[in-house]
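J.: Letter by letter, the chains look like this.
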Amino acid sequence: MGRRLLSLHAGLVYAFLYAPIAIVVAYAFNGGRQTLNWEGFSTKWFSAALHDDSITSALRNSLLIAAGNAVVACVLGTLLALSLPGMWRAIRVPIDALVTMTLVTPEIVFGIAALVFFTEAGVTLGLMTVLAAHVVFNASVVALVVRARFVGMGQDFEEASYDLGAGPLSTFRQVTLPRLAPAILAGGLLAFTFSFDDFYTSFFVSGAGTTTLPLYVFSSLRFGVSPVVNATAAMVLGLTIGAVVLAYVVLRRSGGRSGGVLPLR
Amino acid sequence: MEAASDLPEPTGRRRGRGGGPRYPPWLALPALAWYVAFFLAPLCFVAAYSFAELSGFVGIDFAWNLENYRYLWDPVYGEIFVRTLGLAGFGTAATLLVGFPFAYWLARYSRRRTLLLLLVIVPFWTSFLIRAYAWLIILDPSFPIFRALHVDLLYTTQAVYIGVVYNYLPLMVLPLYAALERIDWSLVEAAQDLGDGPLRAFRRVTLPLALPGVVAGSLLVFIPLTGEYLIPAILGGNKTAYTGTLIAQQFSEAHDWPLGSAIAMVVIASMTVVLVACSRIAARGEVGDG
Amino acid sequence: MNEHEIEEGLGGRRIDRQGFVAGAAATVAALGLGRFGSMDAFAASEAEGELFYYNWADYVNPKTYPAFTKATGIKVKKDFYVSNEAMLAKLKGGARGYDLIVPTGYMVQILASEKLLQPIQWSKLPTVKRNLNPKFRRLPFDRNDRFSVAKDWGTTGFMYRTDLVKERPTSWREFVNLTKTKYSGKVTVLDGIPEVIGSMLVMLGYSYNTDDRSQLDKAKKELIALKPHLRAITSTEYKQQMIAGKIVMALGWNGDGLAVAVKKPAAYVIPKEGGEFWVDSYAIPVGAKNPDAAHKWIDFVYGARNNAVETAYTYYGSPLKPALLRGVLAKSIINNPAVFPSARVVAKLQANQISARGTALRNRIWTEFKNA
Numbered sequence: 000m001g002r003r004l005l006s007l008h009a010g011l012v013y014a015f016l017y018a019p020i021a022i023v024v025a026y027a028f029n030g031g032r033q034t035l036n037w038e039g040f041s042t043k044w045f046s047a048a049l050h051d052d053s054i055t056s057a058l059r060n061s062l063l064i065a066a067g068n069a070v071v072a073c074v075l076g077t078l079l080a081l082s083l084p085g086m087w088r089a090i091r092v093p094i095d096a097l098v099t100m101t102l103v104t105p106e107i108v109f110g111i112a113a114l115v116f117f118t119e120a121g122v123t124l125g126l127m128t129v130l131a132a133h134v135v136f137n138a139s140v141v142a143l144v145v146r147a148r149f150v151g152m153g154q155d156f157e158e159a160s161y162d163l164g165a166g167p168l169s170t171f172r173q174v175t176l177p178r179l180a181p182a183i184l185a186g187g188l189l190a191f192t193f194s195f196d197d198f199y200t201s202f203f204v205s206g207a208g209t210t211t212l213p214l215y216v217f218s219s220l221r222f223g224v225s226p227v228v229n230a231t232a233a234m235v236l237g238l239t240i241g242a243v244v245l246a247y248v249v250l251r252r253s254g255g256r257s258g259g260v261l262p263l264r
Numbered sequence: 000m001e002a003a004s005d006l007p008e009p010t011g012r013r014r015g016r017g018g019g020p021r022y023p024p025w026l027a028l029p030a031l032a033w034y035v036a037f038f039l040a041p042l043c044f045v046a047a048y049s050f051a052e053l054s055g056f057v058g059i060d061f062a063w064n065l066e067n068y069r070y071l072w073d074p075v076y077g078e079i080f081v082r083t084l085g086l087a088g089f090g091t092a093a094t095l096l097v098g099f100p101f102a103y104w105l106a107r108y109s110r111r112r113t114l115l116l117l118l119v120i121v122p123f124w125t126s127f128l129i130r131a132y133a134w135l136i137i138l139d140p141s142f143p144i145f146r147a148l149h150v151d152l153l154y155t156t157q158a159v160y161i162g163v164v165y166n167y168l169p170l171m172v173l174p175l176y177a178a179l180e181r182i183d184w185s186l187v188e189a190a191q192d193l194g195d196g197p198l199r200a201f202r203r204v205t206l207p208l209a210l211p212g213v214v215a216g217s218l219l220v221f222i223p224l225t226g227e228y229l230i231p232a233i234l235g236g237n238k239t240a241y242t243g244t245l246i247a248q249q250f251s252e253a254h255d256w257p258l259g260s261a262i263a264m265v266v267i268a269s270m271t272v273v274l275v276a277c278s279r280i281a282a283r284g285e286v287g288d289g
Numbered sequence: 000m001n002e003h004e005i006e007e008g009l010g011g012r013r014i015d016r017q018g019f020v021a022g023a024a025a026t027v028a029a030l031g032l033g034r035f036g037s038m039d040a041f042a043a044s045e046a047e048g049e050l051f052y053y054n055w056a057d058y059v060n061p062k063t064y065p066a067f068t069k070a071t072g073i074k075v076k077k078d079f080y081v082s083n084e085a086m087l088a089k090l091k092g093g094a095r096g097y098d099l100i101v102p103t104g105y106m107v108q109i110l111a112s113e114k115l116l117q118p119i120q121w122s123k124l125p126t127v128k129r130n131l132n133p134k135f136r137r138l139p140f141d142r143n144d145r146f147s148v149a150k151d152w153g154t155t156g157f158m159y160r161t162d163l164v165k166e167r168p169t170s171w172r173e174f175v176n177l178t179k180t181k182y183s184g185k186v187t188v189l190d191g192i193p194e195v196i197g198s199m200l201v202m203l204g205y206s207y208n209t210d211d212r213s214q215l216d217k218a219k220k221e222l223i224a225l226k227p228h229l230r231a232i233t234s235t236e237y238k239q240q241m242i243a244g245k246i247v248m249a250l251g252w253n254g255d256g257l258a259v260a261v262k263k264p265a266a267y268v269i270p271k272e273g274g275e276f277w278v279d280s281y282a283i284p285v286g287a288k289n290p291d292a293a294h295k296w297i298d299f300v301y302g303a304r305n306n307a308v309e310t311a312y313t314y315y316g317s318p319l320k321p322a323l324l325r326g327v328l329a330k331s332i333i334n335n336p337a338v339f340p341s342a343r344v345v346a347k348l349q350a351n352q353i354s355a356r357g358t359a360l361r362n363r364i365w366t367e368f369k370n371a
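Residue numbers (numbering that gives the first Met the number 0), protein chains in the order written: chain C, 0 to 264; chain Z, 0 to 289; chain L, 0 to 371.
Don't read these hints as lab results, they were simulated from the structure. For glycine and all other residues, C-beta sits at the position ideal for the given N, C-alpha and C. It cannot be assumed that every hint is accurate.
What the hints assert, rightly or not - Examples of chain Z residues lying across from chain C (beta carbon under 7 Å, computed):
(1) Phe37
(2) Phe99
(3) Phe101
(4) Leu117
(5) Ser126
(6) Val213
(7) Val214
(8) Val266
As the list claims (entries may be wrong) - Subject to a maximum C-alpha distance of 27 Å in a straight line, what follows is the list of computed DSSO-like cross-link-like pairs (lysine-lysine):
(9) L:Lys330 - L:Lys134
(10) L:Lys128 - L:Lys62
(11) L:Lys226 - L:Lys165
(12) C:Lys43 - L:Lys62
(13) L:Lys220 - L:Lys181
(14) L:Lys74 - C:Lys43
(15) L:Lys226 - L:Lys271
(16) L:Lys69 - C:Lys43
(17) L:Lys262 - C:Lys43
(18) L:Lys271 - L:Lys347
(19) L:Lys114 - L:Lys128
(20) L:Lys123 - L:Lys179
(21) L:Lys330 - L:Lys128
(22) L:Lys295 - L:Lys128
(23) L:Lys77 - C:Lys43
Unchecked claim - Coverage of chain Z stretches by chain L, computed from C-beta distances (three or more under 8 Å per stretch; other residues unrestricted):
(24) 186 to 196
(25) 252 to 258
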């Protein structure tokens, strides 16, 4: 019935999502220079990519920025999420609007705004400016995810904790935080993703020498398709899938049967 | 984006009062400070620049006039803006069309949801540029599929549209899923038991409950699309002008920061209008249903 | 309160503590690194041995980098731009830390007036002083040789596949007409505002550098009529595309035309109406971490042998004394009029000297061009 059709549609969507990626990976093993002519299986492009300074330093920059930004975003976002429900409406609504704005402002507008700001303020562009810019968006992401979880999870455990005599700080530490943890982690993962993948903002505020992986791919893209970039993409993909699988397994085991990583319950 | 309907606000700080601790509002300060410093302040500078003028090759002269806006009041820019809105509208409609059934299936019929959801996010992690670039390979005329079909889509508007749907689909699916996942499917079944056909049950039960997700997803796709310029640049042959292209040109080629800022302000203004309209609709919706 | 929630509340704790500790460690590491002012500080400790070269894409023979490192011990870090304007925007936007850039002549002037360049120290360039062709000293854009040293020179015209385009066009007018008719959809133009607009101006008999509104308007009309027939606007992809036969004609630089001709039958044309003649120069931006390394690079590539290696890769004219090149550079290249056009031909061409007003007018045209 309709259900079968929907499953078919879902399958097609997954195929659509993964086809390009599969192609990139497949061609990463192409021995030939011209990407589109298959010339035998080879792993030489992988070693070429690993030995290429521009690629490894771009990757390192991306990882550093993404990780740093994820941690800061988690802290800021969680604090924000916790404080919001307790606020007076008059304060909460504008803050909500602000958070929404940070999420939906087209990135190019935000990117150039950050550039203008840093230039006027005389700040040298570099890793930190990229990180600062990324956190703006990602703190909102974390806040959203954590808040959804927080508001929906009820205060029963906290009540119990108080009944047992614990103070607010230790209650938070021992009861609330662990319960929020999956949400914070999910938010952090999303923050990491968005930062790692970011182009527009990074393009404008990265200055000299802080090329991130997307920026590097962009500048090589100008030449069209290249096998070394293919290999890099395949490696990043492998890393990503590995990390996601790991996160899933770990969180699943800790979260019990439900596998409730995402707090969308 | 508002979270779920507000719980009765927990009052009191300690035991016995029917709720846990209420977290002090000042916890929000670090995040707010960050927003002010790295979001609001930059936007204020952009606003200020929009009233300045380019002097010489790269200088900025704060003439405090509306010259830039007058410059933009020209059919060319109107066309570009309309074209951009068209792209944004198409992207929203297309991702909704493709994403809704998908999210529905995910929410209602699938097992191992978390894994499947993560699988939707994983392509996101391969860097949007690599994904766009993968399409460069696929759309290349010598690539098997399209070669067999004798179709050369590379550098066409169709290529841009495909790229847009591909990149923005996860952004539509996630909020849709979040909303659909909450639905108590027994309600739908109950409606059907009471005589509604499946389509009617969908319209009367599922759709209204899914609406917040639709709105959220649409916002997340539509508004950023108004600033998109990479996909037209990479997949479209770099030959079409969208608002994002225009802004990028002013900041990375023409060096007319004041003009670029003015264009950015127009984008921000239109985005604000859309947001306000959406929140009005959402508010009215809430009140209407009771 | 069901089983799941209890499990979560208790079991979840173990993992997330570890997670947080790991996360905290990562932050400390990341922020600690970042504290010292971005990768620049990281690089500073290696500054003795590193050159940060911000250059046009594909403008250096890949063999030259390791040869340079071997000779001097300095490693080369690279970043790329596709147009002078993009490079200017980056520098003006606050990017500091590049040691060496390669602006075209007119851009040297602009950068100098914006105080973005530091003076060249000729005492550090013995090889250059010996080998530089005197014709490339005191060029109009840098009369005192204060900020720049010529890298190479070339022209902007168009190229085509001789096996796919039998018409043998020799003028801009033919290029445009063929694009609008027979080869519609198979032609690209550079992603360069002055080059593309300038070519149209020259075709109409006007100056490449004109400020005249009505003249620019006419050029704009030509461009808008041409636009629907273009496959793409690119400065980097057209080489590969032409070799693959996806495009048959392209507005581009002479060196690229030759790079194609080496692989497939192709010709580069300096059109009858004229075109652009340019000199690219080495320059050292303000804020360079290792200007010494920059000087070393310039001196290195001015060695006759090294220069020949470069010219044989990029196919752009060398600024060295011609006598030095004989013997190290292939005759076919030395005698190739596309690489080393005669003085007579060069006399017909114009160098970019567009004013600020002209630039602003051209930017506007470019927008309308892209909108068409």
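J.: With reference to the structure, classify each hint as holding or not holding.
T.: Hint by hint, here is what the structure shows:
no.	hint	result
1	Phe37	holds, 5 Å
2	Phe99	violated, 10 Å
3	Phe101	holds, 5 Å
4	Leu117	holds, 5 Å
5	Ser126	holds, 5 Å
6	Val213	violated, 15 Å
7	Val214	violated, 12 Å
8	Val266	holds, 6 Å
9	L:Lys330 - L:Lys134	holds, 22 Å
10	L:Lys128 - L:Lys62	holds, 24 Å
11	L:Lys226 - L:Lys165	holds, 23 Å
12	C:Lys43 - L:Lys62	holds, 19 Å
13	L:Lys220 - L:Lys181	holds, 20 Å
14	L:Lys74 - C:Lys43	holds, 23 Å
15	L:Lys226 - L:Lys271	holds, 22 Å
16	L:Lys69 - C:Lys43	holds, 24 Å
17	L:Lys262 - C:Lys43	holds, 24 Å
18	L:Lys271 - L:Lys347	holds, 9 Å
19	L:Lys114 - L:Lys128	holds, 25 Å
20	L:Lys123 - L:Lys179	violated, 52 Å
21	L:Lys330 - L:Lys128	holds, 25 Å
22	L:Lys295 - L:Lys128	holds, 13 Å
23	L:Lys77 - C:Lys43	holds, 22 Å
24	186 to 196	violated (count 0)
25	252 to 258	holds (count 4)
Of the numbered hints stated above, those contradicted by the structure are hints 2, 6, 7, 20, 24, listed in ascending order.
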